[in-house]
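K.L.:
Here the protein sequences come in this chain order: A and B.
Plus 974 on top of the position in the first sequence (first one is 1) and you've got this note's numbering.
Plus 575 on top of the position in the second sequence (first one is 1) and you've got this note's numbering.
Calculated from the structure, these hints are not laboratory results.
Where hints are given, some of them may not hold.
With a Cα cut of at most 30 Å, we get these calculated DSS-like pairs of lysine-lysine [claimed, not checked]:
#1 Lys665(B) to Lys1144(A)
#2 Lys1144(A) to Lys657(B)
#3 Lys665(B) to Lys1033(A)
#4 Lys657(B) to Lys1141(A)
#5 Lys581(B) to Lys610(B)
#6 Lys665(B) to Lys1100(A)
#7 Lys615(B) to Lys669(B)
#8 Lys1141(A) to Lys680(B)
#9 Lys657(B) to Lys699(B)
#10 Lys1144(A) to Lys699(B)
A few chain B residues that face chain A, going by a derived Cβ cut-off under 10 Å, partial list only [as the list claims (entries may be wrong)]:
#11 Leu592
#12 Arg644
#13 Lys665
The C-beta atom is built at its ideal place from N, Cα and C for all residues, glycine as well.
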Amino acid sequence: MKNSRRTFLKIAGLAALGWGVRPAGNLFASSGGGHGSASGVHWGMVIDTHKLTDAIIEKCVEICHSIHNVPTIDSKQDIKWVWKAPFHSLFPTQDHKFLKDLSHHETLSLCNHCENPPCVRVCPTKATFQREDGIVMMDFHRCIGCRYCMAACPYGSRSFNYHDPRKFLKETTPEFPTRAMGVVEKCEFCAERLAEGKLPACVEVSEGALLFGDLNDSHSEVRKLLGERYSIRRNPGLGTEPSVYYLI
Amino acid sequence: MYDKGKVLAGLAVFVGLMTFPFWFNIGTAAYERPKLLLPKDSKECVESAEWMRAEHMQLLNDWRDEVVRDGDHDHVSSVTGKTYMKSLTKTCMKCHDNKEQFCDKCHTSLSVSPYCWDCHVAPKGDK
Chain A
975 MKNSRRTFLK
985 IAGLAALGWG
995 VRPAGNLFAS
1005 SGGGHGSASG
1015 VHWGMVIDTH
1025 KLTDAIIEKC
1035 VEICHSIHNV
1045 PTIDSKQDIK
1055 WVWKAPFHSL
1065 FPTQDHKFLK
1075 DLSHHETLSL
1085 CNHCENPPCV
1095 RVCPTKATFQ
1105 REDGIVMMDF
1115 HRCIGCRYCM
1125 AACPYGSRSF
1135 NYHDPRKFLK
1145 ETTPEFPTRA
1155 MGVVEKCEFC
1165 AERLAEGKLP
1175 ACVEVSEGAL
1185 LFGDLNDSHS
1195 EVRKLLGERY
1205 SIRRNPGLGT
1215 EPSVYYLI
Chain B
576 MYDKGKVLAG
586 LAVFVGLMTF
596 PFWFNIGTAA
606 YERPKLLLPK
616 DSKECVESAE
626 WMRAEHMQLL
636 NDWRDEVVRD
646 GDHDHVSSVT
656 GKTYMKSLTK
666 TCMKCHDNKE
676 QFCDKCHTSL
686 SVSPYCWDCH
696 VAPKGDK
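Let the sequences and hints guide you as you build the complete structure.
P.N.:
Set out below in structure tokens:
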């Protein structure tokens, strides 16, 4: 009898120790954000900066913002999913004084749908999450407007609704919701169009300057282009692994 | 009993306040279910009308999570076996194209205010 009491206490002590160590094990096992999917579809975009003209860029912005009910606000609190920016501001580390033309060449910028998205890691409500196919999605229903994701995103791809967006929308399309005040929004690679088997709207109007496809499929058009021509991504040193590539 | 008068007076006031809703409503008509404007062109909903009346809020919540988080867009009706797209604006409101004469009728009379329409855009017909 004496002996069994002693063994019981030993086992209980070990079990308590085990429970204490368990959470740490979980911590090591989790990587924070995902690292994209190694198999299956991984959507990505290739932007051919040679083919981009101001007119095409404006068309892309116009179609995106009109089908997604994105308001235009004439201040710092403007909302943008896709926007025009010169090369030197997208790639400050690649810019130098002899790049005269290219440096000021207007380029298109949007959410990079990173394979290792910092916005997903910091979101306290999982309103921002990464889909299996690599798209970094927003669940507007869940967003509490804490703006951690905006602080985490190194590319400024996210906008916050400081106002009720409907006050700034001349027309709304019933096909897509507007957002509420206090919600963060960004490009979703037209997930709602992909579900219907269509290409993202900006790609459709880009006259071939934007290409969209599966980065995991070595025969896809995007992969062929990436194999043939030299491409860069925004701030690769951060390890976010953007899925948007720029051909230069 | 000490302070009999005060206790009884207090009790009377209490009972009066508690039963206020009952005697305030004496003589007014009983609650009637509002008359809804039903769609003209379609005969059936994604599920039976009785089930939808009781469970549409749960259905919409489920649809929302399944579409946004799992990318699952197809709803198979347990009544007809037909497949519908899970979408408030593209499925529900295509038939029930008048929010004021359908959604709002019951919601207003039952004093519930769902926030669907803070973001989702109601069909243009009833604006």
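K.L.:
Under the criterion that the straight-line Cα-Cα distance not exceed 30 Å, is the pair Lys615(B), Lys669(B) satisfied?
P.N.:
Status holds; Cα separation ~11 Å.
K.L.:
Would the hint linking Lys665(B) and Lys1100(A) be met if the CA-CA limit is 30 Å?
P.N.:
26 Å, holds
K.L.:
Please check whether Leu592(B) passes as an interface residue: C-beta within 10 Å of a C-beta belonging to chain A.
P.N.:
Interface hint status for Leu592(B): violated (39 Å vs cutoff 10 Å).
K.L.:
Just to be careful, I want the Cα atoms of Lys1141(A) and Lys680(B) compared with a cutoff of 30 Å; is the pair within it?
P.N.:
26 Å, holds
K.L.:
Going by Cβ atoms only, is Lys665(B) closer than 10 Å to chain A?
P.N.:
With a minimum Cβ separation of about 7 Å from chain A (threshold 10 Å), the hint on Lys665(B) holds.
K.L.:
Within a Cα-Cα threshold of 30 Å, do Lys665(B) and Lys1144(A) meet the stated pairing?
P.N.:
Since the Cα atoms of Lys665(B) and Lys1144(A) sit roughly 21 Å apart, the hinted pair holds (cutoff 30 Å).
K.L.:
Given the hinted pair Lys1144(A) and Lys657(B), is their Cα-Cα distance within 30 Å?
P.N.:
Cα-Cα ~37 Å, so violated.
K.L.:
With a cut-off of 30 Å on the C-alpha distance, tell me whether Lys581(B) and Lys610(B) pass.
P.N.:
50 Å, violated
K.L.:
For the pair supplied as a hint, Lys657(B) and Lys1141(A), confirm whether the alpha-carbon distance does not exceed 30 Å.
P.N.:
Status violated; Cα separation ~39 Å.
K.L.:
A closest beta-carbon separation below 10 Å is what the hint needs, so does Arg644(B) meet it against chain A?
P.N.:
6 Å, holds
K.L.:
Hinted pair, alpha-carbon criterion (30 Å max): Lys1144(A), Lys699(B). Please report holds or violated.
P.N.:
14 Å, holds
K.L.:
Within 30 Å, alpha carbon to alpha carbon, are Lys657(B) and Lys699(B)?
P.N.:
27 Å, holds
Checked against the numbered hints listed earlier, the structure breaks hints 2, 4, 5 and 11; every other hint is satisfied.
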